[in-house]
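Participant: Given chain F, work out where chain D should sit, using these hints.
Protein chains: 2
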Amino acid sequence: MANEVRIIGLDGIPEVRPGDDLTALILKAATDQDLAFQSGDIVVITQKVVSKAEGRIVDLDDVEPGVFAMEIAERWEKDARLVEIVLRESARIVRMDHGVMICETKHGLICANAGVDSSNVEKIGTVTLLPEDPDGSAEQVRQRIEEATGAAPAVIITDTFGRPWREGHVNFAIGVAGMLPIVDYAGQVDPAGYEIKVTQMAVADELAAASELMHGKLSRMPVAVIRGYEYPQGSGTADELLRDPERDLFR
Amino acid sequence: MANEVRIIGLDGIPEVRPGDDLTALILKAATDQDLAFQSGDIVVITQKVVSKAEGRIVDLDDVEPGVFAMEIAERWEKDARLVEIVLRESARIVRMDHGVMICETKHGLICANAGVDSSNVEKIGTVTLLPEDPDGSAEQVRQRIEEATGAAPAVIITDTFGRPWREGHVNFAIGVAGMLPIVDYAGQVDPAGYEIKVTQMAVADELAAASELMHGKLSRMPVAVIRGYEYPQGSGTADELLRDPERDLFR
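As given, the protein sequences belong to chains F and D, one line each in that order. Here our numbering is used: the first residue of the first sequence is 1, the next is one more, and so on. Here our numbering is used: the first residue of the second sequence is 1, the next is one more, and so on.
No lab work stands behind these hints: they were computed from the structure. The reader is advised that the hints may include incorrect statements.
Claimed, not checked - Residues on chain F that point at chain D, a partial pick, calculated with CB under 10 angstroms:
1. R6
2. G55
3. I57
4. W76
5. A91
6. V94
7. V100
8. E104
9. P164
10. N171
11. T199
12. L207
13. A208
14. G228
15. Q233
16. F250
We treat Cβ as the ideally placed atom computed from N, Cα and C, and that holds for glycine.
Extracted from the complex, chain F is given alone in its bound form (with noise of 0.2 angstroms):
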């Protein structure tokens, strides 16, 4: 149907280890349920199985915690080790209270505990951080599924974040390749020849969630193409999702 967008889960994902190649079982878990990618799809990638993938994995163990992490952590009842490696993950702290830390991670990104998640993991007591550089990762798979396929599609890595002033977490672009991550009408008019002023979509943002929809939050299911969206075209990054601090409010 025109007026469409279809958002497809990926079956068949086996648990992400180390080492693994992430495009590989992407491509065959597309190429056993008959799907065939397409210049113009999306393929949206939760961050947990890159981070699995780049072995961005700690075990607990490993860590020696510092005195403020100690402190921290036996005010508010919480394993002083993860409090280390949330540190040692932030550039700054954001907001810290009833045990809460909102981080800015090295990326930019402000989200609860830098990212450090300790769900959806293979063994306990091991955590994983965010990738490195998502951007990155995005643009690997993106290259990797086009050397396959011929097909290049745009890739974008999400993660699950809370957000100020409303309930429940939705998934946010940490990473994009191969599109522009807003659409900007600046300029444009709408029907009544009203210039438009709030002129930028966040469709990496958008798509983000859209995916999540598929993802779930228990399912084996970390890997959802998109297709029918136009999205903006051009070599876009996720730090342009960023604000500028002194345009921020909430700092």
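Facilitator: Just chain D, lined up with the frame of chain F:
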């Protein structure tokens, strides 16, 4: 295909005017493109057409700005009448700087300009206000579709908000009927046996974001139907998406 969610845009919704029967327009548009509603569908509607149908339109010429509105307007080179309406729609100003007003609406939503919007209006010099009771508006559409077709879809009403820390706008759910807006995974375990602690996904917001991929900002496609997503059953309200002030670090 299994593992697939479809976002279908409804074509041919005309310019909506106060007093129009929005549900009748939706039913006609669906019939015209051979879309038969099914139970399990989610009908996602932009606030703008709901506000217009409900007559939530103000002509700026009818507004007498107060002293505070005039002072703000002069300082930031804004229209004092517009500022006055924003103040009237606000329960609280959350941040105010550089001419930006982040307001808490009477519904408890936190957004720029309390949802007052001068884009996509039929007549320049008018603005739309948010629906007074977006949950009620959603429920009304839901009931009317059920009466007409026998299928009882969930209904979400959306608006486009900015976010702290991130560039670009995204659609959020401001009204919900026929579903729970949040999926709660509390107590469930992930594949490794680790109990999931980040338990709540704001699926109504994810559905809202997904629908925007069809709406676009300029296109006349204010209604989308999402099919194939198993939303959480229940009678929820958009209030459930609002964080308790006690638990909010960014008030």
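Participant: Could you work out which earlier hints the structure fails to respect and list their numbers in ascending sequence?
Facilitator: 2, 3, 4, 5, 15
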